[in-house]
Each structure stands twice: as structure tokens, then as C-alpha cells.
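Residues per chain are reported as follows:
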Amino acid sequence: MNKTSSAKQFVVDLPKNIFSGFVVSLIALPLGLGLALASEAPPIAGIVAAIAGGMVVSVLGGSHLTITGPGNGLVIVILSAIIGLGEGDLYQGYLFTLAAIIISGILLFLFGLFRLGSLSEFFPSTALQGMLAAIGIGILAKQFHVMLGFTGVKGNTIKQLALIPDSIKSVLMNLSFEFLLASSIGLLSLIFLFLYSRIRNPIFHLIPAPMWVVIASISVIYYFDVVRNNSQILDPALMITLPKDLIGSLPRPDFGKMLTSEFIGHTMSITLVAVIESLLSIKAVDKLDPLKRRSNINKDLRALGIATGVSGFFGGLNVVTVIARSSVNVNNGANNRSANFFHAAFLVVFILLFAEQIQKIPLPALAAILVYTGYKLAAPENLFRIYKVGKEQAFIFLTTLVATIITSLTTGIILGIIATLIVHIFLNKSSLLFRQNWLKPNVLMYLEEESGNYYVSVKNFCSFLNFFKLKAKLDEIPPTEHAIVDFSLCEFVDHTVMEGINDYSQGFSRNGGVFEIIGLDVHEAGTEHPFAIRKNLPGKSFFNLSISLTRRQRLLQELSNVLKWNYLPDPVSNHGDLEKFIYFKRKWINYSYNSLESKEKNSLLFDLSYSEGAFIAKEDLKSTFLQIRAPYKMPVFVLDKENLMSSFYGLSGLQDIDFKEHPDFSKRFFLSGEDKKGIRSFFTDDLIFFFESHPLYYIESKGDSLLIRGKERLASIQEIKQMLAFAEQLIKLLKGKKT
Amino acid sequence: MKFYLGSIARKITRKASCSVLLLINPSVERQPCQHIVVNGFDSPQTKKTIEASFVVANALGAKKISLVEEISQSKVAVTVDDDRSLRRATLRKEKLSRQEQTRVKDVIKKLPLEMTNKVNWTTQSIFGKRGYSIGHYAKVVRADLLVMNAEENLGFFDRLFPHDIEHILAELPTDVLIVNSNSHE
Chain U
0 MNKTSSAKQF VVDLPKNIFS GFVVSLIALP LGLGLALASE APPIAGIVAA IAGGMVVSVL
60 GGSHLTITGP GNGLVIVILS AIIGLGEGDL YQGYLFTLAA IIISGILLFL FGLFRLGSLS
120 EFFPSTALQG MLAAIGIGIL AKQFHVMLGF TGVKGNTIKQ LALIPDSIKS VLMNLSFEFL
180 LASSIGLLSL IFLFLYSRIR NPIFHLIPAP MWVVIASISV IYYFDVVRNN SQILDPALMI
240 TLPKDLIGSL PRPDFGKMLT SEFIGHTMSI TLVAVIESLL SIKAVDKLDP LKRRSNINKD
300 LRALGIATGV SGFFGGLNVV TVIARSSVNV NNGANNRSAN FFHAAFLVVF ILLFAEQIQK
360 IPLPALAAIL VYTGYKLAAP ENLFRIYKVG KEQAFIFLTT LVATIITSLT TGIILGIIAT
420 LIVHIFLNKS SLLFRQNWLK PNVLMYLEEE SGNYYVSVKN FCSFLNFFKL KAKLDEIPPT
480 EHAIVDFSLC EFVDHTVMEG INDYSQGFSR NGGVFEIIGL DVHEAGTEHP FAIRKNLPGK
540 SFFNLSISLT RRQRLLQELS NVLKWNYLPD PVSNHGDLEK FIYFKRKWIN YSYNSLESKE
600 KNSLLFDLSY SEGAFIAKED LKSTFLQIRA PYKMPVFVLD KENLMSSFYG LSGLQDIDFK
660 EHPDFSKRFF LSGEDKKGIR SFFTDDLIFF FESHPLYYIE SKGDSLLIRG KERLASIQEI
720 KQMLAFAEQL IKLLKGKKT
Chain R
0 MKFYLGSIAR KITRKASCSV LLLINPSVER QPCQHIVVNG FDSPQTKKTI EASFVVANAL
60 GAKKISLVEE ISQSKVAVTV DDDRSLRRAT LRKEKLSRQE QTRVKDVIKK LPLEMTNKVN
120 WTTQSIFGKR GYSIGHYAKV VRADLLVMNA EENLGFFDRL FPHDIEHILA ELPTDVLIVN
180 SNSHE
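First to last, the protein sequences are chains U and R. Counting from 1, position 725 in the first sequence corresponds to residue 724 in numbering that gives the first Met the number 0; the numbering is continuous, with no gaps. Counting from 1, position 56 in the second sequence corresponds to residue 55 in numbering that gives the first Met the number 0; the numbering is continuous, with no gaps.
Okay, chain U solo, but in the shape it has when bound (with noise of 0.2 Å):
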């Protein structure tokens, strides 16, 4: 693409941008207030954190999607800085804690400027986890007590967890209304976010969820102040306060600390924590990327560490790209950079006209979505689905997460490599293997000269240990091309290696590219192995269902047996070209299960498990699809119902394709395409009338073949036969329609 034209799509595609932007500031504005004042920060210092990542990071960065500000992962960090060193004075704690975050932003910068963005892969999968389980754990017991309405719970985290019942009950003694309403606004708030993903409203979720629990606790104070004339209906230490004067007020990084043993702790473990949690998320974004580009890990990196200088200087907290914020951004249709800025930018605006507004916030409220964020890290769901991984795995998670609590996060991340490596080694019942081998090279990649085929063959073992050397060549090759990764000469390959892999998997797959792993069948064979046996690889079912089946199975069996059409109630992770469709685009496919399909193979109906958003900002989701074999070449559209999000498409670039001569069709579906010509001619007057007559469905085509979907959920049987009535005629409509 030459200059002239990208800059033409660049114009074309900044509303999209703008309004994702918006969206993302939504979210940003009481997350960034709440993650400043868990770290016990001035509330300010959140946002200045994501003005400077948004203006910085989108400029210089090398990411697409990714939206940066503070972290959760850093409030823990943050916090005991701010307290270990401000020794009683926090504000003075909050001066040595800029300093350590200027010099943080500036090790960040040396990392990416030396290309160390690959350390990050020396973190064994499982303890990262822990480690964020264990952060998690961190804000829910700080915020809890906060939420309920007592800001003057002081101490360690396992103190403060076992405060946490204590809390409660002071709020059931002390039934003053003042008290009630504090607590209850936080308790409602936190109920509201749990319900929040289950609401499939396009409409209600176009505002973020913490936008809503800021809006409605804020009308509630606004009730008391203007009709009850009340303005002080919440103690004024549960209330937010913004300085007067945004500029005259800037406080002073203050370095004198900065020689002293406890400073440079500190300066590494807010660099550390850094370093994980933007690496992780931008892995996580790129994966969700719809025009599927691959990040500039290490020029992010520089950017990541200038922001955080910035925002430092200005009394900011540290930058990193935060993953629950990013998906937002992807999920509301972003496809560049601008939408970073753009955030920052409403930031901005916020900032300077609702201060008033912004200072009406009850702090119970930004209490409860803290909590929410701290329970989506630590959520026992965590632990059983790494359980399912294997035991060990579950005691490398536990080990990590009970001694990042007791101890410090770098101390516990720590002792989780050394977990993992124990963990190694008695399973190989000897340390030979990792002694011997450790720093020498294991992987050879090649191009096959006859076949054009990549070859990489990995020998000895692999293992969080070195897998960093597999994926410097696995990067090298192109993910449009077909890879072969052989594992027969490698006798040990742990779970970080078998997660990494599968991503890299996924990653030719969406890309058109074909990436095959040989040689582990012999390992599952062997007991000495079993990290090879864990995860699921492409082609296979991975876990086993078909041992009791549900009512729904069966009477889906019965149907199977009516239809004389194939079922499988197992889930299977080989969708084939399903990610073809534009309804997929954006979303995640994990797999399908209790499949259907027709003698002939041009119907499959199928349950699907997907989902949207990544990290904490995940909601899976499963519903019911038909597809089949279109009966010629079809143009490529997609056909839904019309309502307002419909509309915001169109601000997108999609446009809906109208019929002058039926006003209905057109006010009840929303029809677009890119070959408009094309579907103006296929749709004639009887597949209109067809359309018009029957139930509403998604339907989308892609040329070769047709997706149908109901609710965006699990279809009964009845909606299923529904379904497969409706396919039916259609087909026969199609097929009339060519003769």
C-alpha cells in the first residue's frame, strides 16, 4: 500500500476509531480514578497514567489495537512502594514512588531498545498466573472493606482477608442510612457487574459496564445533593477530590531515596510487573486482531517506557497495555492506532469539563469495580481449569500464589520458576537432561527445498527453560506458509511450550497458513511424558463427554436418527474455515461440540463455543449454528436484524443496502455487503417476500457457503428443527431461483 492510500484509509477509518476511543474513555475514566486510589495515589494520577499512554504510546509505539494506561497488576506494587517508602507518609511515599516510576519507565525504554522483550518467555506459564491470581487476591481484599464503606482498613493482605468479616458485620450492626447507603451502593454496583455479561443487549452494552455504576451512583449523590439538599449525604473521605488547579498542583518526583536498597526493590518490581503485564496483554490483543498483524513487541516496549517516564514526571502512575481495556477497544470496532490516542484525548476532555461531575463519585462504587477486575484475576475457574492441565500444575499455581501473598511479587514469582523447575525435574526423575543441555542451541528451522514446506525440529527437551529459542524461529516464518514442528527427538515438553505452541497454531490458521506437530505421539504413549498428553492440539477432541449424554443430547440423537444425518456429541477444536466468516472476525473460537451433519456433508448444525474480549474482559459465549453448502456461487453478505447498532455500523463504513420497493424488508434487516451490485441482483422480489415471511435469523454467506445462527445462544430442539425447516426451504428457494 502506497502512502497516499493508506492516509485515505487512515481518514476513512477515523470515526471508527473516534467512537471506539469513546467507548474505551469510559472505561478508562473510573478504572484509572479506582486503580490510583487502590495504589493509594492521588485519583488524578490514574488518569494523567492514561492521557500520557494514550498520547505517547500511540505515536511511537509498534502495536495496533492496544489501549495503555494503569494497571491492575501494578496496584499491588504500587501500593506497598508508596507505603514501604513514604514510612507513614503517603503523600511523601507518593513523591519517592514517582521517582521509581520515572526510573522504571526508563528501564522499560533499555528493554526494548535491547531487544530483551523475549525475556518474558522465561516466566513458566502457570506461575504468571499465580502471580496474577495472587495480585488479584491483592485488590479484592484492599477493596472489599472500601466497598462497604470503610476506607481505614490498614494492613497486609491476609489481614485484610480476614478483616473482611469483621467489615461486614459492623455494617449490619451499625444501621445509620448514611452507612447503608454507602455500602449498598457498592454491593449493588458489584452485583451489576456480575449480571452485566449475562444481559446480551447490543443497545445496553454500548456503554461499558463500570460506565453505568459510575453514572448511576452518581445521580444517586445528585439526588441528596439537589433534592434532598444534602450535599454531604457520604463522608467526604468516601468521596473522590480532584485538585483545584490541574497544573499549578503537579507534585515533585523526589529521588532522595534513590541509592537506598529498598527504592531499587521496589524501581525492579514495578519494572518487572511492567514488563509481564504489557507483554502479556499485547500477545493477548494480537490474537484478537482482525486484520491479523503482528505487534512490535520491542519498539512497544520503548514506547511503553517513555510514557511512563512522561506520566511520571507529571505525577502519573506507570504505563502499561492493559488487556481488559484493549479488547473493549477491538470489540467496538477499532483498526488502528488513533483509537488509542483518541482516548486519551476524551480523557482529556473529561478531565477539564466534569471535574465537578468526576468528584460526585462515591468511592464504594469504584470499590466495587476493583473488586470485580481483582475477582476476574483470582477467580477459582483459574484454578480448576489449570487443575485440568494436571496437578503439578495446580502446585505450581498455589506455590506462586500463596508466596507472592506472603511474601513480595518478585520473591514469589520466583519461587514459582523454581516450583516449575522442581516440578521438571521430578517428573524426569533426574536434572540431567536440563543441566546438560540447558544453553545449547535445540532448534534447527529450515525451508525445505523440494517441498517449500518449513521444517523446525527441536531436540533434547523444551520448556519455559529455553522456549524462547524455538519461538526466535517459529517468528521467522511467514504465517501464511505451512509449518512442521517435529518433537521426536525431544524427550521433555512442558505446559508453557504446549500453550505457546497452540497459539502459534492458531496463528497460521487465522492467517490461511497450515501449522502441523509431529512427533508427540510418542510421547503420549510414554508415562515419563505427560505434559505432552495436556493440551489440546488441532484435529483432535479433546475431552471426553460422550459418557453420559444430556436430554438435550439425546433428543438431538433422536433427531440425528429421524434425519438419518451423522451426530457427534464431542467437542471437536478443528472447525475448518469458519473463521472465514465475517462474524468471527472478532471473536475467538474455542470449539465446536453436539455436531450434526447431513449424509451428503452440505448441512452441519453444531454448538459453538466462542468468545469475545480476552483477559478479564472475556465473556464466553455458546450458541447454536447451521451451516450449509450454498448450491452456486453466492455474493458475500450478511444479513441481520436492523436496530440501533446497526446504525453505528453504518457511522463504520458498512453500509446498509436499502430496497426502494420494500420499505419493510429494509427497516427490519440490516443488509450489507462489499459486491452491493451483486447482492441488489440476488436478492430478488421472492427471497425478499421469503425473508419477510419467516422468522428473523443471522444469516451471513461467504460465497461458497451459508452461516445461519438464531439467539445468541443454544437453540432448543424445537428452534432447531425451526432451524433446519427454514435452511431447507431456503435451499430449495435457491436452488428453483437458479433454474
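Don't take every hint at face value.
Said to hold, decoys possible - Derived DEER-like restraints, expressed as beta-carbon distance ranges: (1) U:L290 to R:A15: 56 to 64 Å; (2) U:D569 to R:S6: 53 to 61 Å; (3) U:D576 to R:S26: 48 to 56 Å; (4) R:E93 to U:K390: 45 to 53 Å; (5) U:I421 to R:E93: 41 to 49 Å; (6) U:E448 to R:S26: 30 to 38 Å; (7) R:R9 to U:E448: 31 to 39 Å; (8) U:K390 to R:G5: 19 to 27 Å; (9) U:K676 to R:E93: 39 to 47 Å; (10) R:S73 to U:G451: 24 to 32 Å; (11) R:D105 to U:N565: 53 to 61 Å; (12) R:D41 to U:G451: 19 to 27 Å; (13) R:D41 to U:L290: 34 to 42 Å.
What the hints assert, rightly or not - Only some residues are given here: those of chain U computed to face chain R with a beta carbon under 8 Å: (14) S117; (15) R292; (16) S294; (17) K298; (18) L443; (19) Y445; (20) S456; (21) K458; (22) L488; (23) E618; (24) D619; (25) K621; (26) I698.
I should point out that these hints are in silico values taken from the structure, not numbers from a laboratory. We put the CB at the ideal spot given by N, CA and C, even for glycine.
On the provided structure of chain U, position chain R as indicated by the hints.
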């Protein structure tokens, strides 16, 4: 199966001023040698080594010779960061491996025809650590003999930071023939 090279054997292999053949599976019955892997990197010794490997192939009746050109990663001079640098790196690699292939093919063309026409030979360029990749490759393709250049001037640091032939000696993937072409001059 792992092989251990004792200190005396190691010293002989390094210091000998003639060519050395290391057999990992000596046996009274002759095992047929089917496939020979030869290094083909850019070095004045390589020409002699390739010639020697064809002599050996004819003598042992080996059917196939793979000439492996190991190209150091630093020659690509592009680090893969994003899609654009990946594209540049891929193009540059293609160019480099084409160059290397022509160079090796030129060497073979200069050899007498009766020497080369009985053997089926192919080339394969590998981007990776010199000395290491060829050993791994020989193992992957299950070669019977690996023919390598002898190295000059091995110092103390070469043992500390293994490279070239040291990797092969450490692992002995197949029988190894180290051709010392300096001794003939």
C-alpha cells in the same frame, strides 16, 4: 544413545594434522552407507571437503549426498519484529540461500563428471548456528556419515563457547569424517 568422547580421543581429533574418521557404531559386518551429509559453507577448505565426500561416496557406494550450507543468522541482518521486517527478512534469506546454492553448485560442476554422476546430490541451506545445525540436520535426515571441514586454531575459548565442530564432537549424531585439507599442502 549418547556417546562420550574421552579426553585423549578428543585431543587427537582436534590436534591431528590429518583427516580423522570417527565411527560411532563400529561393527565387523559392514553396514551400508546410504546418505552422506557434507558441509558447504563458504571457506577455502570446503572445496576439498566436498571433493573428498564424493570420493567416499563412490568408494562406499552411497546413493545420496546432501550439501548443507549453514548461513549465519547475522548475515540476514534483519531482526523480525513485525510483519514488514518479517517480509524483508524472508526476501533477504531467499536471496542469500540462492547465492549459496550457486556457489556450491559451481564447486560441484568443477569436479570430474564420472565422480558426480553416479551420486544423487541435493543442496539445503539452513539459517542457524554454524556447526550445530548441520549435526541436528544429519540426525533428522538419518544420515550415515557427516563430512566436515577440520578447524584451524582451536583455543581455550573455543572450548568454553562451543562452536563449529565442537557441537558435533559433543553429540556425535552419526559417523563423522573430518577432512583436514591443510595437511596435503
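Okay, the hints, checked on the actual structure:
As the Cβ distance of L290 of chain U to A15 of chain R is approximately 59 Å, the hint placing it in 56 to 64 Å holds. For D569 of chain U and S6 of chain R, the hinted distance range of 53 to 61 Å is satisfied, since their beta carbons lie about 58 Å from each other. The supplied range of 48 to 56 Å is met by D576 of chain U and S26 of chain R, whose beta-carbon atoms lie about 53 Å from each other. For E93 of chain R and K390 of chain U, the Cβ-Cβ distance of about 47 Å falls inside the hinted range of 45 to 53 Å, so the restraint holds.
Checked against the hint of 41 to 49 Å, the pair I421 of chain U and E93 of chain R passes, with Cβ atoms roughly 45 Å apart. For the hinted restraint 30 to 38 Å between E448 of chain U and S26 of chain R, the CB-CB distance of approximately 33 Å keeps it satisfied. R9 of chain R and E448 of chain U have their C-beta atoms about 34 Å apart, which keeps the hinted 31 to 39 Å range intact. Taken as a hint, the range 19 to 27 Å is violated for the pair K390 of chain U and G5 of chain R, whose Cβ atoms sit roughly 43 Å apart.
Remark: the range hint 39 to 47 Å for K676 of chain U to E93 of chain R is upheld by a beta-carbon distance near 41 Å. For S73 of chain R and G451 of chain U, the Cβ-Cβ distance of about 25 Å falls inside the hinted range of 24 to 32 Å, so the restraint holds. In this structure the hint that D105 of chain R and N565 of chain U lie 53 to 61 Å apart at CB holds, the actual value being about 59 Å. As the Cβ distance of D41 of chain R to G451 of chain U is approximately 25 Å, the hint placing it in 19 to 27 Å holds.
Between D41 of chain R and L290 of chain U the CB atoms are about 41 Å apart, so this pair conforms to the stated range of 34 to 42 Å. Here the hint on S117 of chain U is broken, as its CB sits about 11 Å from the closest CB of chain R, past 8 Å. The beta carbon of R292 of chain U is positioned within 8 Å of a beta carbon in chain R (closest approach about 6 Å), and the interface hint is therefore held. Of the supplied interface hints, the one on S294 of chain U holds, with its beta-carbon coming within about 7 Å of a beta-carbon of chain R, less than 8 Å.
Proximity of K298 of chain U to chain R holds as hinted, the smallest CB-CB distance being about 7 Å (cut-off 8 Å). Given hint, L443 of chain U at the interface with chain R, holds; its Cβ is 4 Å from that chain's nearest Cβ, closer than 8 Å. Satisfaction of the interface hint for Y445 of chain U is found here, the shortest Cβ-Cβ separation to chain R being roughly 4 Å, below the 8 Å cut-off. At a threshold of 8 Å, the smallest CB-CB gap from S456 of chain U to chain R is about 5 Å, leaving the interface hint in force.
The interface hint given for K458 of chain U is met, as the beta carbon of that residue sits about 6 Å from the closest beta carbon of chain R, less than 8 Å. The interface hint given for L488 of chain U holds, since its Cβ lies 7 Å from the closest Cβ of chain R, which is under the 8 Å cut-off. With its C-beta approaching chain R no nearer than about 29 Å, E618 of chain U sits outside the 8 Å limit, and its interface hint is violated. Using the Cβ-Cβ criterion of 8 Å, the hint placing D619 of chain U at the interface with chain R is not satisfied: the shortest such distance is roughly 30 Å.
Checking K621 of chain U against chain R by beta carbon gives a least distance of about 33 Å; that is not within 8 Å, so the hint is violated. The interface hint given for I698 of chain U is broken, as the beta carbon of that residue sits about 33 Å from the closest beta carbon of chain R, more than 8 Å.
In summary, the structure is inconsistent with hints 8, 14, 23, 24, 25, 26 from the numbered list given earlier, while agreeing with the others.
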